[in-house]
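Colleague: Read off the chains here:
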Amino acid sequence: MTETDPEPLDPAMAAFITSHLSMQLAATDDAGLATAVRCVGCRVSADRRRITLLMPRSQALPVLAGIAANGRVAVVFNEPESYRTLQLKGRDARIEAALPEDAEALLPYAAGFARNLAAFQVPEPYVRTLVSCAPDDLVAVSFSPTEAYGQTPGPRAGRRLAPGEMET
Amino acid sequence: MSTPLSLDRLRPCLEGIVPSGIATCGVDGMPNITYVSQLMYVDPDHVALSFQFFNKTRQNILANPVATVLMMDPETAARYRLTIRYLRTETAGPLFERMKAKLAGIASHEGMTGIFHLLGADIYRVQGIEALPGRELPPVDSGPALLPALRRSVDALSACQSLEGLIDSFCSSLERNFGIQHQMLLMADEPGGRLYIVASRGYVHSGTGAEIPYGVGVIGVAAREKVPIRIMYPSSDYAYSRMLRDQAASSELAERLETAIPLPGLPEPASQMAVPIMAGLRLVAVAYVESRQECHFGYDLEDALVALGASTGLAMAALLCAEASAEETAEPARSPAATAPCGEPQRVRHFLRDGSVFLGDDYLIKGVAGSILWRLLSDHQRSGRREFSNRELRLDPALRLPEICDNLEARLILLQRRLQDRCDWLRIEKTGRGRFRLDLARPVVLVPEEVA
Numbered sequence: 001m002t003e004t005d006p007e008p009l010d011p012a013m014a015a016f017i018t019s020h021l022s023m024q025l026a027a028t029d030d031a032g033l034a035t036a037v038r039c040v041g042c043r044v045s046a047d048r049r050r051i052t053l054l055m056p057r058s059q060a061l062p063v064l065a066g067i068a069a070n071g072r073v074a075v076v077f078n079e080p081e082s083y084r085t086l087q088l089k090g091r092d093a094r095i096e097a098a099l100p101e102d103a104e105a106l107l108p109y110a111a112g113f114a115r116n117l118a119a120f121q122v123p124e125p126y127v128r129t130l131v132s133c134a135p136d137d138l139v140a141v142s143f144s145p146t147e148a149y150g151q152t153p154g155p156r157a158g159r160r161l162a163p164g165e166m167e168t
Numbered sequence: 001m002s003t004p005l006s007l008d009r010l011r012p013c014l015e016g017i018v019p020s021g022i023a024t025c026g027v028d029g030m031p032n033i034t035y036v037s038q039l040m041y042v043d044p045d046h047v048a049l050s051f052q053f054f055n056k057t058r059q060n061i062l063a064n065p066v067a068t069v070l071m072m073d074p075e076t077a078a079r080y081r082l083t084i085r086y087l088r089t090e091t092a093g094p095l096f097e098r099m100k101a102k103l104a105g106i107a108s109h110e111g112m113t114g115i116f117h118l119l120g121a122d123i124y125r126v127q128g129i130e131a132l133p134g135r136e137l138p139p140v141d142s143g144p145a146l147l148p149a150l151r152r153s154v155d156a157l158s159a160c161q162s163l164e165g166l167i168d169s170f171c172s173s174l175e176r177n178f179g180i181q182h183q184m185l186l187m188a189d190e191p192g193g194r195l196y197i198v199a200s201r202g203y204v205h206s207g208t209g210a211e212i213p214y215g216v217g218v219i220g221v222a223a224r225e226k227v228p229i230r231i232m233y234p235s236s237d238y239a240y241s242r243m244l245r246d247q248a249a250s251s252e253l254a255e256r257l258e259t260a261i262p263l264p265g266l267p268e269p270a271s272q273m274a275v276p277i278m279a280g281l282r283l284v285a286v287a288y289v290e291s292r293q294e295c296h297f298g299y300d301l302e303d304a305l306v307a308l309g310a311s312t313g314l315a316m317a318a319l320l321c322a323e324a325s326a327e328e329t330a331e332p333a334r335s336p337a338a339t340a341p342c343g344e345p346q347r348v349r350h351f352l353r354d355g356s357v358f359l360g361d362d363y364l365i366k367g368v369a370g371s372i373l374w375r376l377l378s379d380h381q382r383s384g385r386r387e388f389s390n391r392e393l394r395l396d397p398a399l400r401l402p403e404i405c406d407n408l409e410a411r412l413i414l415l416q417r418r419l420q421d422r423c424d425w426l427r428i429e430k431t432g433r434g435r436f437r438l439d440l441a442r443p444v445v446l447v448p449e450e451v452a
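If you're matching them up, the sequences are chains A and B in order. Be aware that the first sequence starts at 1, since it is given in our numbering, and climbs by one per residue. Be aware that the second sequence starts at 1, since it is given in our numbering, and climbs by one per residue.
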């Protein structure tokens, strides 16, 4: 991926980020303060050039204010069992209304995330609570990822990934 | 009106059980976010973050020191945002060691042993705490209520008149009031740079007399840094079996160390905590607790044991000094008529080089405790004496006891318990402050061995 010519996401990367992972999204205000919110869903557009993160609006107020101000976002995706971690960044984020299918995806996401955490004996009610969101509180943020970083813990964490590259 | 949020009440969020997110802002205004398990509570106004690699978070923080942490309560799933400001990095000392131990547990839990190498503990001031709305689970009441447990324990300790009583009261308190099943109490030998076990609970063998050098493992690091060390997950980096083996292979200290008495302890503890027991600024002992259950010992229990340790340490120091300064004015308690030793004579061997004593071919103990026993048995052999005073031992130049607060009483307790563990015909009984009696059920033959 380059910043001038956004490539579509690699299919493996698109599959990875929609596999019910642990996700947090960060934004910055114009004074240089970063803030973050936990996300409760993720979808990728058909052409894989745009991704959409879902989050409870009530928890995301400073994040949404930052996005409204400058459109810059960073999202971290972590698969607990494998520790595989990926960060995607973009500069054209915008706030959107959640779609009806986004609300429908909340429960499957919680169930999938709970399965991802089963190896750590995290009780399912905990996971469901952690990612619960009233459907009318759901808000979407979409952006075109222009940078990807491998963040799996270790000395290579933070390395920028080349287009199409996917850490194993 | 709700009370303002205090980091003291949010410490479970900083245990690394649920990773936190840390969001920073680059000089170009781009956000960066990463998961961290190694965020640690320092005090109500500060947290520390481990610095292992020079990554984007660190690069950003050095240019723009304000960041946001998004953290989750591991029981209730409540979410909090902390605004934090980077202050400085510590690369040695108590906080660094606490973090290193914690990191070792997390690294092992995450299958990253050997990958994490702590370069520093980055200290941040907490500028703001925000509770996020949303569903939460009710808090879980786990374990005993700590303040009443602490109160009962301190009450029991203050009734103790002897060091031995104090040691037993401390261990019983951990067991009964705090529900701790596996524990050791180790006395500090400051000049020797090591600790020796005087009491333990929850193991097949008591391990009384087993030693751990300062700096080795959870217990040794707690002693060296005088700071509690707590690990929430199994960690091979801090497993005693391995560390003492490495130590034995590489160190001169190992030669002087008691290695013949095996350490008790769980083979693979899932949670460990060592709390220094201080008398003011002086280390008197270390309490060690462990569990087969992960995340078993939290911040609050650590606080309770530090408080209990402070009370215990002062009481220990007072009893040790009172005993050391006790004059020989008190009449010895009248001993019951001694039963004359009978039966097969027992051979007792003594090696001058390290003070080690063997009962027959079985190793008993070495060092100061070994030399004391040899001296008592020699006296008894010569004169038939059975009654002794701490004072005469202290004045005996052959025993080379440090002059002030020499822990003689603790050595006698160690010897007494080691004898209880290893033989049924030789005993040391306390008969009053600064006095004790040697009880022999068998005649002995003393064999001074040449230097090996």
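Don't read these hints as lab results, they were simulated from the structure. Watch out, some of these pointers could steer you wrong.
[Said to hold, decoys possible] Pair by pair, the computed Cβ-Cβ distance ranges are:
hint : chain 1 : residue 1 : chain 2 : residue 2 : range
1    : B       : G179      : A       : A65       : 19 to 29 Å
2    : B       : A307      : A       : A97       : 20 to 30 Å
3    : A       : E124      : B       : A322      : 50 to 60 Å
4    : B       : P44       : A       : D92       : 36 to 46 Å
5    : B       : R292      : A       : D92       : 48 to 58 Å
6    : A       : Y83       : B       : R135      : 37 to 47 Å
7    : B       : R427      : A       : P123      : 46 to 56 Å
8    : B       : Q181      : A       : L99       : 46 to 56 Å
[Claimed, not checked] A partial selection of chain B residues facing chain A, derived with a Cβ cut-off under 10 Å:
hint : residue
9    : V18
10   : I22
11   : A23
12   : C25
13   : D28
14   : M30
15   : T34
16   : F53
17   : M72
Remember, it's a predicted structure, so these values are computed and weren't measured experimentally. Where is the CB? At the ideal position from N, CA and C, for every residue including glycine.
Colleague: Tell me, which hint numbers fail for this structure?
Modeller: 1, 2, 6
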